[in-house]
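Colleague: Below, each chain spelled out in residue letters.
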Amino acid sequence: MFSVIQSIVIDLSLGEAMHSLASALFPICRSITGNGLRESLRIISSEIPLEIREVASGTAVFDWEVPREWNISDAYIKNSKGEKILDFRNSNLHVLNYSIPVHQHVTLAELKKHLHYDKEHPEWIPYRTSYYKEEWGFCMSYNQYCGLEDEMYEVCIDSTLMPGSLTYGECFIQGELSDEVLISSHICHPSLANDNLSGVSVATMIARKLLQSKPRYSYRFLFIPGTIGAITWLAQNEHVVPRIKHGLVASLLGGPGPFTYKKSRRGDTEIDQVAEFVLKSKSSTNNVIDFFPYGYDERQYCSPGFNLAVGCLSRTPFGQYDEYHTSADNLEYITTASLEDSYHTYLEIINVLESNKKYINVNPKCEPQLGRRGLYNQQGGDNDNQNFQLAALWILNLSDGEHTLVSICQKSKMSFNSINFAAQKLLECGLLREPDSDELPSRENSPLSLLR
Amino acid sequence: MFSVIQSIVIDLSLGEAMHSLASALFPICRSITGNGLRESLRIISSEIPLEIREVASGTAVFDWEVPREWNISDAYIKNSKGEKILDFRNSNLHVLNYSIPVHQHVTLAELKKHLHYDKEHPEWIPYRTSYYKEEWGFCMSYNQYCGLEDEMYEVCIDSTLMPGSLTYGECFIQGELSDEVLISSHICHPSLANDNLSGVSVATMIARKLLQSKPRYSYRFLFIPGTIGAITWLAQNEHVVPRIKHGLVASLLGGPGPFTYKKSRRGDTEIDQVAEFVLKSKSSTNNVIDFFPYGYDERQYCSPGFNLAVGCLSRTPFGQYDEYHTSADNLEYITTASLEDSYHTYLEIINVLESNKKYINVNPKCEPQLGRRGLYNQQGGDNDNQNFQLAALWILNLSDGEHTLVSICQKSKMSFNSINFAAQKLLECGLLREPDSDELPSRENSPLSLLR
Amino acid sequence: MFSVIQSIVIDLSLGEAMHSLASALFPICRSITGNGLRESLRIISSEIPLEIREVASGTAVFDWEVPREWNISDAYIKNSKGEKILDFRNSNLHVLNYSIPVHQHVTLAELKKHLHYDKEHPEWIPYRTSYYKEEWGFCMSYNQYCGLEDEMYEVCIDSTLMPGSLTYGECFIQGELSDEVLISSHICHPSLANDNLSGVSVATMIARKLLQSKPRYSYRFLFIPGTIGAITWLAQNEHVVPRIKHGLVASLLGGPGPFTYKKSRRGDTEIDQVAEFVLKSKSSTNNVIDFFPYGYDERQYCSPGFNLAVGCLSRTPFGQYDEYHTSADNLEYITTASLEDSYHTYLEIINVLESNKKYINVNPKCEPQLGRRGLYNQQGGDNDNQNFQLAALWILNLSDGEHTLVSICQKSKMSFNSINFAAQKLLECGLLREPDSDELPSRENSPLSLLR
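Protein chains in written order, with my numbering: chain A, 122 to 573; chain B, 122 to 573; chain C, 122 to 573.
Fair warning: there could be bad hints in the mix.
DSS-like mimics (lysine-lysine), calculated; alpha carbons at most 25 Å apart, straight line [claimed, not checked]:
#, chain 1, residue 1, chain 2, residue 2
1, B, Lys202, B, Lys254
2, C, Lys205, A, Lys532
3, C, Lys234, C, Lys205
4, C, Lys403, C, Lys479
5, C, Lys403, C, Lys532
6, B, Lys401, C, Lys403
To list a few chain C residues with every Cβ distance to chain A over 10 Å, as calculated [stated by the list, open to error]:
#, residue
7, Ile169
8, Glu256
9, Leu355
10, Lys532
Honestly, the hints are just simulated from the structure, not real lab data. Since we're looking at a predicted model, the values are computed, not measured. Virtual Cβ for every residue (Gly too), placed ideally from N, Cα, C.
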């Protein structure tokens, strides 16, 4: 049996490894296109095999088209004395992301039309973007904004917006089955640690881990710019979509707070059941919430024409912590402990998913005789004798091709370890079997019929 | 888009108009048949076009037959001095409704066998009927009853029970669709203001309002005697029944108290969903209760052989206010404010019903690009920019031909105004379309299969 | 109409009769096979006609085979002075049930390996068995155990384990229908009064009662050794299984405490609905719990290959009272009052089951006219006029071939007496009819399709 978790050796270094990866990626100025993305994917590709794809600007992707490529080499504001009062080299959040180039002298009044700040947190630089409206702008702390003198300023944003391509990375791990699990992380945010270098780092390390195993499912890791990246990937990979049976959007995994799992649009899929089961088994403070059509790329995966079984697993959700989309979402905000805990939680979900089969009781009429098979005083799982027997009885009673192991856990209120251990013992001695393919309901995706 | 509510101009007069109509109808002595009904329908027909139908006594109507016509010209009790101690001309509640004629001299003991009173409310005259058992009788206050001397009395009820007809009124408003909404009010009660001149007045004014518009649905207003009137109408109009898609029984709409919506027998129909949604949006004190086979004419519309999507929307329900079926249910008991509020609530339900469509997202794969259609900073509904976008995303995500706008409101917890406004904008710019007829589940009625 | 309860005449003697039967059975040393079983069934057969069956040792029964026959004539422990310090004749619990024979001299240390006791209840002898592992052993109180001297002991168990047969008893009562109700009691425990002579006694008396009536359903009472008996019966009677429409495992019915009904595996069968309805009508302290694959012979009846509509109705469940499986579960522990109450509760469930039909409203369009059939002022059930009418309206409204009388009770919150009384009146006057066989969903059992 494939077990990811049990093969982890040196936990101590894991959180540090993920934090290091985030630190390496942090200074790069990323956007939805451009060299920042390429450089980031190059760093990730030194950790895991990554296919880096380029999709040309102007390519039609459903209702959208791939935008121009944005690159930036410098940006600053100088006061009338020629002093740089704001320098892109200090923080790439200082520039409105995807800003058009500008170089001119402006009055304070004119400048203020192009300044973004956050009154609520006067010391932090906010993160702002303007992807779909041509604008230039700077972001600064509210304190700095308040101290601006009424004089002339030189503003310079040395950026380019030109035909080029949208870049994304993909790591595919072949499993026994062609059925796939999708793990998707957005990688477009510059110098924000929790949103989403934490997700990128955790996803990278999970891919590393899975590469060392032979999983049942195939796994597809996407490192893509938010929204337009997911749309582009889906448009270019529609033939792959039917193979995606389960998926998670990985984001906001380095901060404090319990986990929040946001269900897929369908709400009752296996990944929804497994994620809820694992989170609730770990802590009653973890949250499970219904799908809503806002957030990260689950918006695209769960659009009604795809309606994939993809949820989003974060810690504190977007917009619910003060540091969100500010310069305070930095490398201090994310901790090795949180990253490690997130990593283990993802792996536990994956582990349960890998083992979450439906079996068939070979002797469905009355109980089989456990005693003569040496199963009467068997110990295992995290339980004593009696629990082994109870687990075996639950499995035998519910192994009718309808119940997964997780649904047996939920009915029996027993742990996955206990149920899975007993199931393996029952398999070994021939009391259970795997169903034939024609005994299982087809597992295909269900985009809504009207929308084909 | 058809909007009833927005076109109301002078609200102030509405409540007064409804109270005036009730006042004009109040003095008439109605019963389940007879001239009182005809006179009442004549008054209503001066407000709205009304087809007045006569169905001959003895006509078979399902398990019943149309009863004889009852008319009354006078009634009194005189004491031994010849003084009228009870006079029908003071209150037509004084006579047991549908009483057979009588003229004789009786002892107090004999008289008492024919007297009805209400100990609980000693000052009020109760309302009593005897439609299906031949009886004569008088109703008086318990105080008067207690003061009766032991002497001979002359009792006179100058009524007739003769072959004639049952009379009802019907106002049909043709809409775009042949699908109909039924609004049914009972009109058989004499001199009871809340039960049900309030319902009659509100229904009349709603019909007036709808006559000024071009609604999507066709509307059928019935003004009928309770029970036997509904049975007669259904028996004579079975060919119409399949067109009735939604319906409300309008009663008890002028008194105080929050609304109570009693669901249709099916309990999960669109009118049930819409009425509950509107009532709960207006006030958490409004009530929604399950169907039970007692009450007003929903009993007939929801009999298992019809099983129509007809609920009953009242304020305080029958039997739950002291004045119910007594002389205290008079013109002071009903207020212009309650009548107006009831009118607006009915219209709001109708308005939502008219707009409560299912749409199809034309670009179901991924989100469409709202920005290039000028929908990114759109304002509307009762909300700001951000809410417009969220409303648009909810609609796009759920417009799969399965979800009505009301069900999108329920999932998103957004107002109908916001969702409907955004839906219209999305329609305008071609991101939504109406489903073809073959994409919708057939909307036919579902009488239970065994009962055909 | 068949009514069991109403024909009971002399309640006083019932509890005493059941206690007497338990007393007669108590001293016999039963096991899963052997003469103790035969003697017990002989006693029961003097109360009701019982077919006593013998199934030869070694017969294959699904995954098991019928075990050897166990008989015992004597057993004791003597100390070094030759004094009997433990004597089987004082309590047949003293011998490990199904113990292999032994006769030897042993040290205290060796003896202790074969002694069973219960520290928690130092005065009681525990009941222990070893059916499927060859062992010899004695059970004694912990107090006695502590007083054992360090000396040599003579141990003797004069038992035999030889090819023979497994014995069970079956009482079949033919009803109008071939559809069967199964009442199953385990009869293998020696000298334990509540577990399960109480169940045996109650089942016997119910069978006596049903033999005096002409029930609608056929009834099958099984008196069988636990687990292997149920497995053997099912294996030998597979052709009967499809006729079993409802069933109850009767156990633990003489002690204190409210009832606990453990649902069938399917959880929504008619017996589940009826048992819950009756128990909750009787007392809010009664419990209804979900199925779990541990307990009594419902484990076999509800194995996925049979998946029968069989629940278990006990008072305080197994393992939840201190006296369980000890010498304190004796004839004092069970009371005539509890036995009687259990008997009446079983009969009430049977009575409701017998009457729990689905009817068809003959006039489904609108209400029928109750008045001209004399049903307007009808009294009946446990209610006054008004309740009769309300009951009639509920039945007419819901008699669509989908609702049983119990489900009408649940929707109307009226008593079974009221609803059933009104239903009989409506039947009598032709307003209801029984459905034709093709109007009802087939009532067959539903073993899970994958498991055929």
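Colleague: Classify the label on Ile169/C as holds or violated, using whether its beta-carbon is more than 10 Å from each beta-carbon of chain A.
Modeller: Given that every Cβ of chain A is farther than 10 Å from that of Ile169/C, nearest at about 27 Å, it holds.
Colleague: Can we trust that Glu256/C is non-interface, i.e. its beta-carbon lies farther than 10 Å from all of chain A?
Modeller: Per Cβ check, Glu256/C is outside 10 Å of chain A; nearest 13 Å; holds.
Colleague: Is it true that the CA of Lys234/C sits at most 25 Å from the CA of Lys205/C?
Modeller: 19 Å, holds
Colleague: For the pair we were handed, Lys403/C and Lys479/C, check the Cα-Cα distance against 25 Å.
Modeller: Measuring from Cα to Cα gives roughly 23 Å; hence the hint holds.
Colleague: Was Lys532/C rightly flagged as not at the interface, with every chain A Cβ beyond 10 Å?
Modeller: The claim holds: Lys532/C sits with its nearest Cβ about 28 Å from chain A, beyond 10 Å.
Colleague: Is Leu355/C truly not at the interface, in the sense that its beta carbon sits beyond 10 Å from all beta carbons of chain A?
Modeller: With a cut-off of 10 Å, Leu355/C comes too close to chain A, as the shortest Cβ separation is near 6 Å.
Colleague: Please work out if Lys202/B and Lys254/B have their alpha carbons no farther apart than 25 Å.
Modeller: 32 Å, violated
Colleague: Run the distance test for Lys205/C versus Lys532/A: straight-line Cα separation, threshold 25 Å.
Modeller: Status violated; Cα separation ~51 Å.
Colleague: Below or equal to 25 Å on CA atoms is what counts here, so check Lys401/B against Lys403/C.
Modeller: 37 Å, violated
Colleague: For the pair we were handed, Lys403/C and Lys532/C, check the Cα-Cα distance against 25 Å.
Modeller: 18 Å, holds
The structure is inconsistent with the numbered hints 1, 2, 6 and 9, although it conforms to all the rest.
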